[in-house]
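In the working numbering, the protein residues as written are 14 to 468.
Just so you know, the hints here were simulated from the structure itself, not pulled from any lab data.
The beta-carbon is built from N, C-alpha and C at its ideal position, and this holds for glycine as well.
Certain hints may be false.
Derived Cβ-Cβ restraints for the label pairs, each shown as a range [unchecked claim]:
no., residue 1, residue 2, range
1, S27, G280, 17 to 27 Å
2, K141, G280, 23 to 33 Å
3, S354, K442, 41 to 51 Å
4, L142, D91, 12 to 22 Å
5, S446, G179, 16 to 26 Å
For lysine to any residue, the following SDA-like pairs were computed, each having C-alpha atoms within a straight-line distance of at most 25 Å [claimed, not checked]:
no., residue 1, residue 2
6, K438, I391
7, K255, N136
8, K467, K438
9, K442, K50
10, K194, N136
11, K141, N61
12, K277, G338
13, K50, K94
14, K141, M14
15, K187, E168
16, K358, I339
17, K301, S321
18, K15, S139
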Amino acid sequence: MKYVSTRGEAKEASFENILASGTASDGGLFVPSVIPKLESAVIDDMKNLSYTEIAEIVIKPFIGDFLQKDELQKIISDAYKNFETNDVVQIKDYEFGHVLELFHGPTLAFKDVAMQLLGRFLNAASEKLGKKIVILGATSGDTGSAAIAACQNFENLHSFIFFPDGKISEVQRKQMTTWNKDNVEAVSVTGNFDDCQDFVKKMFADTSENKDMLFASINSINWTRILAQTVYFFYLSSRIDKKEINVSIPSGNFGHAYAGWYAKKMGLNLNKINIATNRNNVLDIFFKNNIYRKLNTMESLAPSMDISSASNFERLVFDSMEGNGIETQKLMKQFKKEGFSIANKLYKDLCNVFESHSVADEEILEEIEFLYEMTGDIFDPHTAIGIKNIREGSAENYVCFATAHPSKFIDTIKKVIPNFSDTPKRLQKFLDSEEKYETMNYNFSDLKEFIFNKI
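Let the sequences and hints guide you as you build the complete structure.
Below is the structure:
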């Protein structure tokens, strides 16, 4: 399996090469050069397999000879052995539809599912290449803690996680700042998430020729994140006895949605993918009006979705351009200036699969309260946005992705459920621990110097 850039100019690369890469040399994102197709009989038989067995089938075609079969099996098994549910993820049935709980990993967020796998892949790459890997990540909430939890036990991996100062919850911050490990650095940056993400992208461009070590991205632009998330679409289909399913996905950087799109291209009978956004509705605007342009980020009650652009959306643009990297590059350059639209036929083809909606803060609170009264269960703000679409839409067989445990957003939950006090033990240990982190202004030179002083 070879990988190409969405912008058409970078050389083809192996899985091992892209695993420890952020963006391609031309600024694009890596995608497989061909789409592996799974036979319908293989997909049908997944109903008899465990999550980890399904993961092996889905992942193997993408990694070439990077890992032997027994190595891949062990990495997958080790990645998910500490999840607090029998089969990594869990499906719950409600009157309004199904909910796929993705928060049973070490940090109680969906990011654990991909990150636990990515951390072990990176460690394997470090051992095979004989090089230290420096992990750079920007986070609006859950990515950073999941990355640290996945990588902190591997001496060859050194993590630097950047988050916007004062713009994530206390719980999310403490999950990043209480590890007290020499190979973990959490940095609070005066700015917003896009500033953090911009710094990480510039660092990859600046360090691309470093021969002594590798710099790896753990954000959703890393293809392994997409690949790992593709697995649970197949798992979901194997466990719900319907000819076709629809999914409602709380969306920020478009990683989940693109993973679903890719699973469909691999042969999965997935019908509609609904993009659920908060007031930062850059994706909703595109799928309703065929206009993709950068917006100013606004704080919301669903902070993990507070974005001004969706970093994985470029992959969908590339696919809609039928793999024309040069045309994709033109559109992405146009996006930086005034935004862009795509040809009407291409747009209609996308809208046959994708739908979208956005939800204001007051509606998030109303939905959390309504769902509690209706079901007795409490949902985090992001999941509530996704469920609202299921309840108010007309389509059947909908599944909403539950992306985080509600206790990670206790202040928001208590606005409408004052007696909420459900804090799992694995989360309480972070709240009770002493913090250690740096606070820095957004200045590329200063942040870069901080990194190199630490490594």
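Here is how each hint holds up against the structure:
1. S27 to G280: 17 to 27 Å: holds (24 Å)
2. K141 to G280: 23 to 33 Å: The hinted range 23 to 33 Å holds for K141 and G280, with Cβ atoms some 31 Å apart.
3. S354 to K442: 41 to 51 Å: At 49 Å between Cβs, range holds.
4. L142 to D91: 12 to 22 Å: holds (20 Å)
5. S446 to G179: 16 to 26 Å: holds (20 Å)
6. K438 to I391: holds (18 Å)
7. K255 to N136: violated (39 Å)
8. K467 to K438: This hinted pair is violated, its Cα atoms lying about 32 Å apart.
9. K442 to K50: Since the Cα atoms of K442 and K50 sit roughly 43 Å apart, the hinted pair is violated (cutoff 25 Å).
10. K194 to N136: The hint holds at about 17 Å.
11. K141 to N61: Violated, at about 34 Å.
12. K277 to G338: Roughly 22 Å separates the two Cα atoms, so the pair holds.
13. K50 to K94: Judged against 25 Å, a Cα distance of about 28 Å means the pair is violated.
14. K141 to M14: holds (18 Å)
15. K187 to E168: With a Cα-Cα distance of about 22 Å, the restraint between K187 and E168 holds, given a limit of 25 Å.
16. K358 to I339: Between K358 and I339 the Cα gap is close to 19 Å, so the pair holds against 25 Å.
17. K301 to S321: holds (17 Å)
18. K15 to S139: Holds - the C-alpha atoms of S139 and K15 are around 20 Å apart, at most 25 Å.
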